[in-house]
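> Sequence:
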Amino acid sequence: MKEGTAPVLSQHPVLALPTRRQAEEMGEKELKELLDKRELLIRNEREDPYHHGFEPKHWEQADALREECSELVLLGGNRSGKSSYAALAVVKTLVEHEDSNVICMHTTASTSVEQQQALVWHYLPKEWKTAKKSRTTNLTYSVKNGFTEGSLVGPNGSKCFFRNYSQKAEGIMEGSEWDLAWCDEMVG
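According to the working numbering, the residues represented by the sequence shown are 95 to 282, in order.
In case anyone wonders, no lab produced these hints; they're calculated from the structure.
Some hints could be false.
[Stated by the list, open to error] With a straight-line Cα cutoff of 27 angstroms, these simulated BS3-like cross-link-like pairs (lysine-lysine) come out: (1) Lys227 to Lys238; (2) Lys123 to Lys151; (3) Lys151 to Lys238.
[To be verified] Computed spacing ranges between beta-carbons, pair by pair: (4) Arg114 to Glu165: 33 to 39 angstroms; (5) Ser174 to Ser228: 47 to 53 angstroms; (6) Trp272 to Glu119: 51 to 57 angstroms.
All residues carry an ideal CB built from backbone N, CA and C; glycine is no exception.
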């Protein structure tokens with residue numbers, strides 16, 4: 095960076111930049127340390143949101159409700175965070191409960207790939223994303239096609255299956271016991 099030029103600072107919905115007044119009161123060294131620490135937190139969140147992400151307070155309330163009841167309906171407008179919350183809940187179930195069994199349902203196969211599978215991939219812990227394929231683990235993912243064969247198996251034996259409402263209804267959910275089912279959008 096050229097001397098005298100300001101650093102490019104990342105935007106973040108939670109980690110606010112100091113005001114001009116706060117920055118002036120800190121002094122150059124303290125301000126640089128604060129901004130460097132902020133940028134590190136943002137980079138860590140981007141690289142591994144499972145371990146370093148921020149969760150809104152109302153997500154904690156939803157987690158508590160999930161412990162108490164068998165069904166939780168999330169209502170809200172577009173881009174309000176419902177799918178992000180559900181994807182993180184899926185990943186938490188997979189990671190924290192060995193041999194868990196999860197199903198994620200969406201309107202079509204393509205919306206499953208574009209929306210649900212992309213979000214689940216986003217929230218998977220970094221160590222799962224880099225885990226080698228084995229007799230147990232299968233986490234093959236691409237942006238274009240989602241998870242291979244619409245499923246993943248984590249290093250701890252947890253399984254997640256992605257299905258959609260346009261498939262034949264018979265047998266999609268029958269016979270299996272699910273630790274979590276995420277039914278997004280237009281549930282039939």
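> For every hint, state whether the structure bears it out.
Structure-based check of each hint:
1. In summary, the hint linking Lys227 to Lys238 is supported, as the alpha carbons are separated by about 20 angstroms, within the 27 angstroms threshold.
2. Proximity of Lys123 to Lys151 is assessed by CA-CA distance (about 33 angstroms); at most 27 angstroms being required, the pair is judged violated.
3. Of the pairs offered as hints, the one joining Lys151 and Lys238 is violated, with about 33 angstroms between alpha carbons and a cut-off of 27 angstroms exceeded.
4. Under the hint 33 to 39 angstroms, the C-beta atoms of Arg114 and Glu165, about 49 angstroms apart, miss the expected range.
5. Evaluation of the 47 to 53 angstroms hint for Ser174 and Ser228 yields a failure: the beta carbon distance comes to about 38 angstroms.
6. With their beta carbons about 54 angstroms apart, Trp272 and Glu119 fall inside the hinted range of 51 to 57 angstroms.
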